[in-house]
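**Q** One letter stands for each residue in the lines below.
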Amino acid sequence: MANGVPMASAPRHLRRKLTNYIFVGLTSIATALALAALVMILWSLVAKGLGGINLAAITQDQPGGGADMGQGGLRNGLVGSLILCAIGMAIALVIGILSGTWLAEYGDASRLAGTVRFINDVLLSAPSILVGLFVYELLVSHLVGHFSAIAGGVALAVLATPVITRTTEDILRLQSNQLREAGMALGAGKGLVIRAIIWRASRTGLVTGGLLGFARISGETAPLLFTSLGNPFLSVNLGQPMASLPTIIFNFALSADDNWRRLAWVAALIIAVFVLSANIIGRALAARGSSHK
Amino acid sequence: MKFEISQEEQPTVMVAPAPEERVLDVRGLDFYYGKTRALHGVDLPVARNRITALIGPSGCGKSTLLRTLNRIYDLYPAQRAEGQILFNGENLLNPRDPVDPEASGSGRPRVGGDLARLRARIGMVFQRPTPFPMSIYDNIAFGVRLQRSVGKAEMDEIVERSLTRAALWDEAKDKLHQSGLGLSGGQQQRLCVARGIAVEPEVLLLDEPASALDPLSTAKLETALLELKDSFTIVIVTHNLQQAARISDYTAFMLMGRLIEFRPSSEAFVKPETEAMRDYVTGRYG
Amino acid sequence: MADALMAAMVEQAPRSKGPRGAPGSGNGDGLFHALCFSAAMVLMATLAGLLVALLIGGWPAFSRFGFSFFTSSVWNPSGTPDNPEAYGAAGPIAGTLITAFIAMLLAFPLAVGIAVFLVEFCPRRLAHWVGIAVELLAGIPSIVYGMWGLFVLAPWFAEHIQTPLLLDLDPDGFWGKLFSGVPNGANIFTASLILAIMVLPYIATVFRELLLSIPPYLREAAYGMGCTPFEVVRNIMLPYIRRSAVGAVMLGLGRALGETMAVTFIIGNSHALPHSLFDSGSTIASTIANEFTEATGDLHVSALIALGLILFLITFATLAAARLLLGREKL
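Protein sequence lines correspond, in order, to chains A, B and C.
For reference, each letter of the first sequence is one residue, going 18 to 310 in the working numbering.
For reference, each letter of the second sequence is one residue, going 65 to 350 in the working numbering.
For reference, each letter of the third sequence is one residue, going 863 to 1193 in the working numbering.
Just so you know, the hints here were simulated from the structure itself, not pulled from any lab data.
Check the hints yourself; a few may be wrong.
[As the list claims (entries may be wrong)] To list a few chain C residues with every Cβ distance to chain B over 10 Å, as calculated:
{"id": "1", "residue": "P971"}
{"id": "2", "residue": "A1157"}
{"id": "3", "residue": "L1187"}
[To be verified] In silico negatives: residues of chain A with every beta carbon more than 10 Å from chain B:
{"id": "4", "residue": "Q88"}
{"id": "5", "residue": "L99"}
{"id": "6", "residue": "I215"}
[Stated by the list, open to error] Partial list, derived from the structure: chain A residues whose beta carbon lies under 10 Å from chain C:
{"id": "7", "residue": "I58"}
{"id": "8", "residue": "F135"}
{"id": "9", "residue": "I136"}
{"id": "10", "residue": "V148"}
{"id": "11", "residue": "L155"}
For glycine and all other residues, C-beta sits at the position ideal for the given N, C-alpha and C.
Please construct the entire structure, taking both the sequences and the accompanying hints into account.
**A** This is the structure in structure tokens:
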């Protein structure tokens, strides 16, 4: 075979080109399918949820079965969800930020820190319904003795904490050692440097972590089913069962009552708006933070 | 810095091969990384079956120039080239040209078919050895199979010949079916040369192929390149002046995105005409 | 407990790296360190507590039924004299594994397609927005997926897929058997479909990051040989990320196995072993969600918690495998 050999024959070249076109087509179709799923889901939510919204939907408590169409609302669930998420976030922020700080600043490369990281990952990926079972066993059947808002809040905290721990550690690690050294050069102790300088410099990231944690729990249903249970009436008593939007959806959606189904869609829309905006704001903050680097 | 060349007046010293000898002929090439201009009206004739060396200080644009010749820069949407690169008389930057009818010069390798064809005719060896994660044999067979169906016996022959021409056969013949990643750096680089020539391109582009190699590996690579000159046209970017002097027939000296001197190597290193090249060759410049 | 904590801290402190404050620089530094450390220990205690709670809660069921808890598919909470109360987890376990497996089968090629499209073919600006949209899909709460599945997907599926197949296929043939079932759209397959949509964004996002992490020189070398984009992706890029990609799949699998609400809404909730692709079934998570608050007796509660323990072990195994293959960063 001398020099100047055989470039690809024309048919072969055409075949390779065609295969490539088909491949590009298939990958575009895959992407289009995912986008279509997103659009269809959001469309159903908006179409069925917006249609069911009226003033009563946020000013009245949940209706009984068989109420007239348009009767009743989600006030008890809205208030309950806000309280449960507030409890969950309060606990999760404290534990998550502190433990993330320990991993980044104190534990670092030690073996114990490696173990804690692994355990955090296990918690991060543990099915949420198991967290519900755990809190049920711990609080509902032993420490408190009955279903309660506290139990629901704790279950949500268990779900949000690993998210916050993880983001806190990642964010703190982005801060340069010079920053730490500069603080210590002024004579500040390590703890003070972390609180006054490192945390402050990482503010945006910590807020992002909080938002992602909030997004994770605000739509959670499974762990609430057997912790806070649900409550047909407005209640702010933390020691008693408390309503929440997700549990209302679960009960109403599977019923045959049209008015209940309507409210389930409204509740789904409200939750989706909350979760998606928390996600979007979190991401936007994260993007802004990283573009400042 | 001493060499603030006055951009517009600096003449290019050009002692070029005759037009009919040129495989590639770059004319008035401008190149942009986004808004940054990296090449300013560069001309470069590349003679058939000769080795052309591109030299110059870091950042002078020699690698950029090389990367336009097979349009590998097309992988990056922000990079674009303007001007002419004639390959056997056809402008390979021209969107409507038969060499490459579809490429827009600004996009990603979205279509690919014809750029793929171009790149099979103008092969490339990179600064870092880039064996694919497969056996030595398959590294070479891979490119050949893209082009045509080849029987086992013929493929064996192609692999042996390519490795021999790249001066790697003796070292590799007993481990053809082991991973290419198991070779030493110098061997990997010669494997990449073998892989590049196995598809019988007309031109072979080498981007500082010896920069990561020890002197012995470098010598073996250079020997291989000198042998290959009979079959291929070679363009090599190097920051090693001795290497350029040892192996190249023509030398192009670049500075700040411009071509300053282009001459037969035998003259270029002995009596550089421009002050800039004189200082570069004598080691007074970055 | 407190003593043990302090002891561990004292042992731990000297090992930590990085700049350290002057000894005894005060300002409550010791206290702060202790607080951070305790928070980390709370995490460990939580996981330990979770495991212990599941073990203790599930023990009565395990000890009562022994190995048959895994193999029997009898699930009878309301005991009568001739039909005693009994629990066997085979149905939910099978349902969990089957739905998760089918979901991955559907999601995997789509995820590869999306990742490749975004990295290799899509103009960069568009890729940014499409990437965000795909991640939004991951942000939708699972109960919303459940409602959509129940009210939109299931009726559509019953009318346009299930009923025509039922009418056209010979009920005794292979395909007829595979696709038999009550045509209401609530079955193993639609549950898998919803799961696939849910895990898709997770896998696609990890695949995308993996493809972006391929060294540019390798990609250039492949294009430099004259490969078409398809050839580069198939021969160079996908083999390069193979190992990590398996890790990403395991990660998605873990999510699919433990997903609760979406599946509960649409799987049909039957405890028997499913007989066909369109048969109703149940998963471990859906069984717990449906029955736990209404459990009739202690043994029933225990059986459900035992199910939970099995689920925990399965998801833990997939997570461990994913970590091993993927390294921590991509999780």
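**Q** If a hint holds in the structure, say so; if it does not, say that too.
**A** Structure-based check of all given hints:
| no. | hint | in the structure |
| --- | --- | --- |
| 1 | P971 | 21 Å, holds |
| 2 | A1157 | 54 Å, holds |
| 3 | L1187 | 16 Å, holds |
| 4 | Q88 | 57 Å, holds |
| 5 | L99 | 46 Å, holds |
| 6 | I215 | 35 Å, holds |
| 7 | I58 | 5 Å, holds |
| 8 | F135 | 8 Å, holds |
| 9 | I136 | 5 Å, holds |
| 10 | V148 | 7 Å, holds |
| 11 | L155 | 6 Å, holds |
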